[in-house]
Amino acid sequence: MNAIIERIKAIILNPTQTWDVIAAEDTSAQELMKKYVLLLALVPAVASFLGRWIIGIHIPFVGVYHFSFGASLLISIFNYVVTVASIWVFAKILMFIAPKFDSEKEEDAYFKVSVYSFFPYLAAGVLMIIPSLSVLVYLAGLYGLYLMYIALPIVLGTPQEKTIPLMVVLIVSAIMVFAIAGSIVSVIVGAFGPKLPTL
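Taking the working numbering, the leading residue of the sequence shown gets 1, the next gets one more, and so forth.
Hints were generated in silico from the structure; no laboratory data involved. All residues carry an ideal CB built from backbone N, CA and C; glycine is no exception. Misleading hints may appear alongside valid ones.
Here are the simulated lysine-lysine pairs, DSSO-like style, with alpha carbons at most 27 Å apart [stated by the list, open to error]:
(1) 100 with 9
(2) 105 with 35
(3) 162 with 105
(4) 35 with 9
(5) 92 with 35
(6) 105 with 34
(7) 92 with 162
(8) 162 with 100
(9) 105 with 92
(10) 92 with 9
(11) 34 with 9
Distance ranges between label pairs, derived from CB positions [said to hold, decoys possible]:
(12) 61 with 126: 27 to 35 Å
(13) 59 with 25: 43 to 51 Å
(14) 130 with 26: 37 to 45 Å
(15) 66 with 4: 29 to 37 Å
(16) 59 with 160: 44 to 52 Å
(17) 181 with 60: 19 to 27 Å
(18) 153 with 27: 13 to 21 Å
(19) 162 with 65: 41 to 49 Å
Whole structure, please, built from the sequences with the hints as guidance.
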């Protein structure tokens, strides 16, 4: 666990040097998913579970609403699955798009970029224990895009002149992935959330 914490600190505080280290590491895609993603995705999942169940969410003109234990647990499990799947899907998208920008590499390299770029979001997920702070978690996710920008030439060998165009395409792809994932989660949350009166 200490090694994971140190890696989180390193990639956030010293991204360039850390990407150099990561690029040289012999780590498989499967190992990255098992060692980091499956574990760290628990952080926002557990925090949001406690936040919905114990703290409650504030609804304007309604007050604080507490989800039931069962609903909170089910939503968090679904969030966990969606988070893990999103990281995997984004790595596959990167694998499909990057070679078109002279960034051809082996599969493991694409997963390195995807997994480590999600670290700020996953680590900040602890703030979801207070639902009103959830927006900060998503802002941390934006820092992940910066980490990805730094990673492209280092890990994938993207030519400098093609880094920004590739990032633009990846940002659009990320928006699409999260829009779909967010829509699915919203449906699940809505099914178990408060039934608000309509005008």
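Hint-by-hint comparison with the structure:
no. : hint                    : result
1   : 100 with 9              : 32 Å, violated
2   : 105 with 35             : 22 Å, holds
3   : 162 with 105            : 15 Å, holds
4   : 35 with 9               : 16 Å, holds
5   : 92 with 35              : 19 Å, holds
6   : 105 with 34             : 21 Å, holds
7   : 92 with 162             : 19 Å, holds
8   : 162 with 100            : 10 Å, holds
9   : 105 with 92             : 12 Å, holds
10  : 92 with 9               : 26 Å, holds
11  : 34 with 9               : 19 Å, holds
12  : 61 with 126: 27 to 35 Å : 29 Å, holds
13  : 59 with 25: 43 to 51 Å  : 46 Å, holds
14  : 130 with 26: 37 to 45 Å : 40 Å, holds
15  : 66 with 4: 29 to 37 Å   : 32 Å, holds
16  : 59 with 160: 44 to 52 Å : 48 Å, holds
17  : 181 with 60: 19 to 27 Å : 25 Å, holds
18  : 153 with 27: 13 to 21 Å : 19 Å, holds
19  : 162 with 65: 41 to 49 Å : 48 Å, holds
Of the hints listed earlier, the one the structure fails to meet is number 1.
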